[in-house]
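Asks: Sequence:
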Amino acid sequence: QVQLVESGGGLVQPGGSLRLSCAASGSIFALSTLGWYRQAPGKQRELVATITSGGNTNYATAVKGRFTISRDGAKNTVWLQMNSLKPEDTAVYYCNYLDPLSRNYWGQGTQVTVSS
26 QVQLVESGGG LVQPGGSLRL SCAASGSIFA LSTLGWYRQA PGKQRELVAT ITSGGNTNYA
86 TAVKGRFTIS RDGAKNTVWL QMNSLKPEDT AVYYCNYLDP LSRNYWGQGT QVTVSS
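Each residue of the sequence shown is one higher than the one before, counting from 26 in my numbering.
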């Protein structure tokens, strides 16, 4: 079993920054992918960014150039640095762990609200 605990959400003004953190614990495989997804009210959950154990990253078009995903393999922690935030970035952000057997695990989610 895998547990994911997120932190760092909150309220920020447009143009501001936030940094999300996610700590993974439990049966963590060395080869895995960690990522962030988000779900806005009335919308489906969507990919924000992922990072493999080898450091390869993938970003949604909407966040490229503004968000940066990073990972500490030794600590099984993943971060999402979000800059130049826009109101349309408002959503619940979920941490995701994908193991080598393609099993998905999710955190409880953290609210990010971008508003003046």
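If you are wondering where the hints come from, they were derived from the structure by calculation, not from laboratory data. Built from N, CA and C at the ideal position, the CB exists for glycine as well. Careful, some of the hints might be misleading.
Label-pair ranges, simulated between beta-carbon atoms [as the list claims (entries may be wrong)]:
| no. | residue 1 | residue 2 | range |
| --- | --- | --- | --- |
| 1 | 40 | 98 | 16 to 22 Å |
| 2 | 70 | 140 | 19 to 25 Å |
| 3 | 95 | 131 | 18 to 24 Å |
| 4 | 106 | 64 | 29 to 35 Å |
| 5 | 125 | 36 | 16 to 22 Å |
In silico SDA-like cross-links for lysine to any residue, where the CA-CA straight-line distance does not exceed 20 Å [as the list claims (entries may be wrong)]:
| no. | residue 1 | residue 2 |
| --- | --- | --- |
| 6 | 89 | 52 |
| 7 | 68 | 138 |
| 8 | 89 | 104 |
| 9 | 111 | 41 |
| 10 | 89 | 139 |
Asks: If a hint holds in the structure, say so; if it does not, say that too.
Replies: Now the hints, each set against the structure:
1. 40 with 98: 16 to 22 Å: 32 Å, violated
2. 70 with 140: 19 to 25 Å: The hint (19 to 25 Å, Cβ to Cβ) holds, given that residue 70 and residue 140 are roughly 21 Å apart.
3. 95 with 131: 18 to 24 Å: 20 Å, holds
4. 106 with 64: 29 to 35 Å: 20 Å, violated
5. 125 with 36: 16 to 22 Å: 37 Å, violated
6. 89 with 52: 31 Å, violated
7. 68 with 138: Holds, because 15 Å separates the two Cα atoms, which is no more than 20 Å.
8. 89 with 104: 15 Å, holds
9. 111 with 41: 8 Å, holds
10. 89 with 139: Measuring from Cα to Cα gives roughly 18 Å; hence the hint holds.
In this structure, the hints that do not hold are numbers 1, 4, 5, 6, in rising order.
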